[in-house]
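*Asks:* Chain order of the listed sequences is A and B.
Mapping to the numbering used here: the first sequence position 201 is 203, numbers consecutive.
Mapping to the numbering used here: the second sequence position 247 is 913, numbers consecutive.
Do not rely on the hints blindly, as some may be mistaken.
Among the chain B residues that face chain A by a calculated CB cut under 8 angstroms, a handful are [unchecked claim]:
(1) A816
(2) L825
(3) L827
(4) S829
(5) E848
(6) A854
(7) F856
(8) M880
(9) L882
(10) F885
Far from chain B by the CB rule (all over 12 angstroms, computed), these chain A residues [to be verified]:
(11) G49
(12) M55
(13) H115
Hint data in this document are derived by calculation from the structure and do not stem from the laboratory.
Cβ coordinates follow ideal geometry from the N, Cα and C atoms, glycine included.
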Amino acid sequence: MRETYGQTLLELGRESTDIVALDADLSRSTMTQLFAREFPGRFFDCGIAEQNMVGIAAGLAASGKVPFASTFAVFALGRCFDQVRMSIAQPGLNVKLVASHGGISVGEDGTSHHAIEDLALIGSLPGFTVIIPADAIETAQAVRVAAASYGPFYIRLCRPRTPLVYNHDYSFNLGKAVTIRQGESATVIAIGLMVAEALKAAENLEREGINCRVLNMPTLKPIDEVAIINAAAETGAIVTAEEHLEHGGLGSEVAQRIARHYPVPMEFIAVKDTYTKSGKPGELLQRCGLTAKYIEQAVRSTVKRKVTQAV
Amino acid sequence: MSLSKSGDALSKTSAGTNQAEAFSLSASMMEMEAMAKKLRRHIITMTGKAGSGHPGGSLSAVEIVTALYFKLLRHKPLDPKWSDRDRFILSKGHAAPLLYATLAECGYFPVDELTTLRQLDSRLQGHTDRTVTPGVEMSAGALGQGLSFAIGVALAGRLNLQSYRVYVLLGDGECDEGQVWEAAMAAAHFKVDNLVAIVDNNRQQIDGWNRDVMNLDPFNKKWQAFGWHVIEVDGHDLAQLIDASDQAKLIKGQPTVIIAHTIKGKGVSFMENNPDFHGKAPDAKQVEIALRELD
């Protein structure tokens, strides 16, 4: 994902001189270094000063440039929420915040580096488009769509290499959910790393006779309400899965639509109300209940409730 | 140049007759002095009518903003988005009444509109909002963000080979914010020499004198240490402000900061050096007295 971002940004840089990039001393990790090497004059390393980076990006955008500003997700919003709010979001400026290292799959660096609140924060800002790609193929397309669409974007990437969910003929549509597996018994709506886990869970559940629909929701905002309502109407049970706190992320967004338009049993696969610890990514995902196994349990539970409620 | 009502200034530009042409409002010293007084009256009237707002830090920066808009800036009030305009970025967004009064007097919008300050559906928000007010470059009010924004604007000018200059007005109290110094470091690092920061150094903030709340001294040495060319002026002396800005144009390879020594509430006796009027509007009686003093 990160390599793909770096490569795509570089390509965009070759296509237009209006593309500029900023980083906060993490260009080797966010992979903006690929752009920096070829276009040193259009790259601004702001040092370990994210607030200033956000402000400079806003000023560049206000003057016709298309700035891509990158750092770790935990700093991109946690460190400079007010700057993102007032310098970018309120004026609706054309800044692309591409945050790497989202979620807990950052691993050993621990709590200080685990972005588990970023989607709640960015989702609270009117005007921002929020994208969480599921794999490298979607990342490349999302970055291109962000560059081509006017307005503030937040794209959240994760640190580990992720399995490919899509084929190369996939076409990302902004604001549209993608049904990547058909099913009638229940729907798992997932984002990011959890999409691959949701697919695993769906395969396992099939052996039990539960046909699980898997919906990827790459655009968290504006969210695809129609897909959510259809999933509720057609499958009668919803499980959300995200590498984020239960509060304020995908689960909350989906639950609001379900509550308003089509109430059905729901479960939430997410980090519970806690701070996480150091560990290997796999260990942490297991510890926080963010694996296929837990998704399967949640699906069984909602399916059971669906039957009970129907009776 | 007539300064009597909105739009008149446009009819006599230094460039000639075409209102759409690049120009600066080359006002005379006497005209600018009259304008400064007029802007002060607007500030009092506007905040008095609104019943809230920030007169103190608006009054202290009157000469700074007057020198910019009526002498230094190349701008087109009828074409606020003109790509080659010099930019003025108000980082201390609470001085919005001053900026609004100035923009109106330049002809960006009708002077009559000034009385709508802070009202529901007004284009004149309590703090500046670039999405609604013609001529406002930045949505400010959350302090400390303007210098970073200004660097971005200046860098874009450099990348686009545009010759515009960027002026950003900071409050001295605002310089408590860490982001200001992140930006100060970056501006010098990126050698942004088309950028001038002006500090309205009125030495007061909401809770009192800076030196008691959060000491900024030695202020000039801080900027020097961060790599800036520093000029100190009497911030109520138009000639000094203009000279300093002209001098800044000659400084290459580094940004310039003009530390403008000012008096908070300048021009109104009971507001001068009185932090009570940082964020409090004058009542009807006080408006009357203030306007008499500014007659």
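*Asks:* Could you run down the list of hints and mark each one as holding or not?
*Replies:* Going down the list of hints, with the structure as the test:
no. : hint : verdict
1   : A816 : holds (6 angstroms)
2   : L825 : holds (7 angstroms)
3   : L827 : violated (11 angstroms)
4   : S829 : violated (13 angstroms)
5   : E848 : holds (4 angstroms)
6   : A854 : violated (12 angstroms)
7   : F856 : holds (7 angstroms)
8   : M880 : violated (18 angstroms)
9   : L882 : violated (19 angstroms)
10  : F885 : violated (20 angstroms)
11  : G49  : violated (7 angstroms)
12  : M55  : violated (8 angstroms)
13  : H115 : holds (21 angstroms)
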